[in-house]
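Chain by chain, the residues run as shown.
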Amino acid sequence: MTVSTLEELVLAALRSVTLGQTGPDIVSSGLVYDVVATGPAVRVLLDPERIPDGDADALGDFLAPLVEALPGIERVIVKPRPKSIASQEAKPVARYILGVHSGKGGVGKSTLSANLAVALGLLGLKVGVLDADVYGPSMPTLFGLSGRAEEMNGKIEPRAAHGVKIMSLGFLLPPEKALAWRGSLIDEGLPLLLSEVAWGDLDILLIDLPPGTSDVHLALAKHAHLSGILTVTTPGSLALIDVKRGMEMFADLAIPCLGIVENMASVACSDCGHAIPVFGQGGALALSEETGLPLLASIPFIPELSITGDAGVPYVIAAGDAPTSKSITALAVRIAKQIPAEALP
Amino acid sequence: MSGCGSSGIAFSSQQPVPGVRDIICVASGKGGVGKSTLTVNLAVSLASHGLAVGVLDADLYGPSVALLLGTDNEVLVTQEGKAAPKLAHGVHSLSVGNLLAPEAGLVWKGPLIAQAIEQMVYDVAWPELDVLLIDMPPGTGDIPITLLERIPVSGAVVVSTPQRLAAVDAERAIALFHEYDVPVFGIVENMDGYVCPCCGKINRLFQGGIVELMAKKRHVAYYGSVPLDPTANSAADAGTPFVVQDGQRPSAKAIAEVAGRLMKSLQRERANPKIAEDA
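Protein chains in written order, with the working numbering: chain H, 1 to 345; chain V, 1001 to 1279.
It is possible that some hints are incorrect.
Said to hold, decoys possible - SDA-like cross-link-like pairs, simulated, lysine to any residue; straight-line CA separation at most 25 Å:
1) V/Lys1201 / H/Glu304
2) H/Lys244 / V/Leu1100
3) V/Lys1201 / H/His274
4) V/Lys1217 / H/Leu145
5) V/Lys1082 / H/Asp271
6) V/Lys1201 / H/Gly273
7) H/Lys244 / V/Gly1239
8) V/Lys1201 / H/Pro303
9) V/Lys1201 / H/Leu145
10) V/Lys1217 / H/Ser146
11) H/Lys244 / V/Leu1099
12) V/Lys1201 / H/Cys269
13) V/Lys1201 / H/Ala268
14) H/Lys326 / V/Lys1082
15) V/Lys1201 / H/Phe301
16) V/Lys1201 / H/Gln281
17) V/Lys1217 / H/Gly144
18) V/Lys1216 / H/Ser146
19) V/Lys1201 / H/Ile307
20) V/Lys1201 / H/Ser266
21) V/Lys1217 / H/Arg148
22) H/Lys244 / V/Ala1238
23) V/Lys1253 / H/Pro277
24) H/Lys244 / V/Gly1070
25) V/Lys1201 / H/Leu172
26) V/Lys1217 / H/Leu172
27) H/Lys244 / V/Pro1230
28) V/Lys1201 / H/Pro300
29) H/Lys222 / V/Leu1112
30) V/Lys1253 / H/Cys269
31) V/Lys1201 / H/Asp271
32) H/Lys244 / V/Ala1116
33) V/Lys1217 / H/Ser270
No lab work stands behind these hints, which were simulated from the structure alone.
Extracted from the complex, chain V is given alone in its bound form (with noise of 0.2 Å):
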């Protein structure tokens, strides 16, 4: 049992993460493009597929996982002196946002940096996992590559707005995941449009294509499009993930495909072991 994943850089400071069977980065370039509720949601939604899931909030600087899940800041502490996840809406989760109140002013110099993530990773009582996914940063910098070093990844799914801005950025983290022997198994386009509550128009925010243009040019896959939903925004900012909340809606059926595509994915990666048995 390698347990390693399937990278094809072994780095020989990586360990494996008991318990835990695939490690899956979601990860944007740039910030605001709703990558954390898309990490919540896709959780959620693969978590009803009967899979046991985990979130670990790796957005040292912005952490929203515990707010999207709704869960709180007392963290327990098992006898092997390891961190319990917390639990809600069937994923098992750790964010610094459940390790310190929320305005706690929070500046990670790079060198604290690189420990926070190992404990993060490794430090916590994780149950059997078949996923866990790692709500990554926006940005190249110190924690991406802490992570990319010091875990073993099995894959990634990135995320972008239908802009120019975010794509060259989206297509930076692609570039970082690749240097590293990272798969990138899918992107997935956010924010595309969305619908009035009022009439019902689908309305644009940007202009669409664009990241299925990127998708091709960069030779991966097109994971699909999530619209916008404001009705559910404020429930989601309260802790209550959208495919919870309706699984019907626009926003909830688009997830529910992004999911099937990464069950498929990486169904494929695991019938096609490559070089891992090596590391």
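Chain H on its own, in the form it takes in the complex (with noise of 0.2 Å):
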């Protein structure tokens, strides 16, 4: 059975608790804000505007052993939901917000989010990054940035490199630690990401989204105002599946997809020069048929690319007059054109 009936077994439980005699149940009256399951462990989070006394503390104690007694329950957190989630209304953080993503990992998504975002403040504008990859924060290293994120009057400054402002959970947490972030912690975390950043008067916020299709994207969808979507692929077929896949849950999502860029296009043999389709060929241009987007940008495969992104000097810094930094430059002025001309209301 599904869990989702799990948590519907929660609810109806706590449905049968009131506050004082008479008043309503503490479902229905909006004290329980949600329960999420993830397998045996159940967490119920409370509005902490309504917690009686604000005393969250003596009302876990209260509902938790409820709940534990259900069947299939192994565990049982009761908490207020974060504040952050709590301001549902907050304001976008920037004019345009650009979620990159790409249906498959590690076809150069990060790698293009980092020149991209240089390449827009190159163009006069105000960049910044969120690294939302929370398996795999890589903007720490694309910017050549370590060390952690200072807090500033309450809030978290967003560290700054090449003209960009840069936020990543690579900053809030040791290099190493193996982030074994379960669904609930990223719905709780992320949101925090955008609302307790410093970010300033933005034009412009790239989102650089983890891979697939999976509950971070659900939750920046929820929290991040996403403008539209930038849809990395790799020219080969097992990439296109993947990434056909996320653009129907974005389209589902009511965010549009602004198009394709295809990046590892080819590889230049550095002997006879022969343009070697390493990662599979035409396919970015079969998907942009298929859907009717635009191919924004073809990108071939450059050692320096990564190369210059693991030393954290941005091609586009390191080179910026090679054709590739071009290419990545012309993608910038497109995407410019998509930033609304007013301010943040």
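Dock chain one against chain two, each of which comes alone in its own frame, and use the hints as you go.
Following this line, the structure appears as structure tokens:
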């Protein structure tokens, strides 16, 4: 049976609890904000505004045994929902918020995001990058940043490098720590990277999304006010199937896709110059034809993109005049046109 | 018979998988490093050594095993109500790709994952297997945690490309296995270079050496380097693993080497049952 029935079971049990003799039950009154089951572990989130006397612990001690007694439940956590979720109508943090997405990992999405962000900055825009790849945050490496993000006046200061503001979980956690994040933790933690960070006045925020279709994407779709999606793919067919899955997910969430960027299109042999389609060929064009979305750029595989990335100096800065840098800048110009003229409300 | 692999921590909810001797996770941390292609080729190579081999595709978000082995999406159900795995190239396999149309949008919410993973392991009529390889999804999220908590895993093989970006994530994957007391048998470097089909020169794609260094740092065996094989790619995408296409190509030889090392690691692990008897 699906675990959603577990959540329903918990909600039904909680409906039998009322505050005082005659009041409405705690679910109908909104005191219970949500029930989230992760396997047999259940989290009961309370609305912090409605907790009697503000004593969440006392209420938790009362409710937990009730839920624990239900069949199929191994662990119960009762706690107030995070404040960031409480402020549901949070303002978007930038005039345009672009999610950079790929169906599959390892297509160079993060490297491209970093270079695109720097290229947008070089156009004179105020640019931020949010590294939402919670399982493998790459932005610290790509921008050559280590250490922690500092807190100032109750907000986290984003780091800055190469003209771009950057926030990543990599700045909040030790680098080799296994990021064993459960889905429920993602739902709570990711929005904080938007609302609790002092982004300032941004023209555009790039969000480096994790690959695939997961809780992270749903959480961001809910909290990040995504204006659009940029889809990155390699030309091989394995990658394309995953890309289509991702595109369908965002379509379901009513977030438009600006277009497709083909990465790792071919490799030139350093000896004979022969262009070799190492990662397959033709797929992005086929995808573009099938979906009707424009193929915005086709970027060859050049080892220097990866090498400059590992060294923390984005390629568009390390080799600004190279053809690939010019392709990325042209892409930046097309994306900049999407930014609405009016300032943030 | 403990039947519980040899992991040190035995979680109370871990059930042995009937008929399966050793479960090995193939993981990468970072996506797109060629883990699924490597898993499938490794499986075929192990089978060619006479082992009974299965592959379970645990990458629910981006299942590729069905494509790589060229299996279809018609799964038969046995009389006991279990799914019958597919058989191709001498390897038994099951993937979400066998259960769904390729373009179906998949958004697995955390809670659904635990159930799906358990079903794919226990509700499948696996034949007697020496080794079941699990193609893990990238990252260290719900799926790997659920797997490690609920399924008795004997060991892991970690794959990385020679990039700092990938090696850092591979280290995270290693740390996760160690947290669950699952030994990491070896690390494979993938896509270090490729052979130009025109002039035969071996070109580097990334900076070499990083993976071997990381293996040393983490005290894990370095299983070797597998080059990229552009000419084999299109056939591989169509369901013919490159070790099947031609066992003599450099990529196939490298895989055979990895398979040999993995078999030795398994023998060593079996000869040294550690505290498994208490479990």
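Would you list, in rising numerical order, the hints stated earlier that this structure does not obey? 5, 9, 14, 25 and 33
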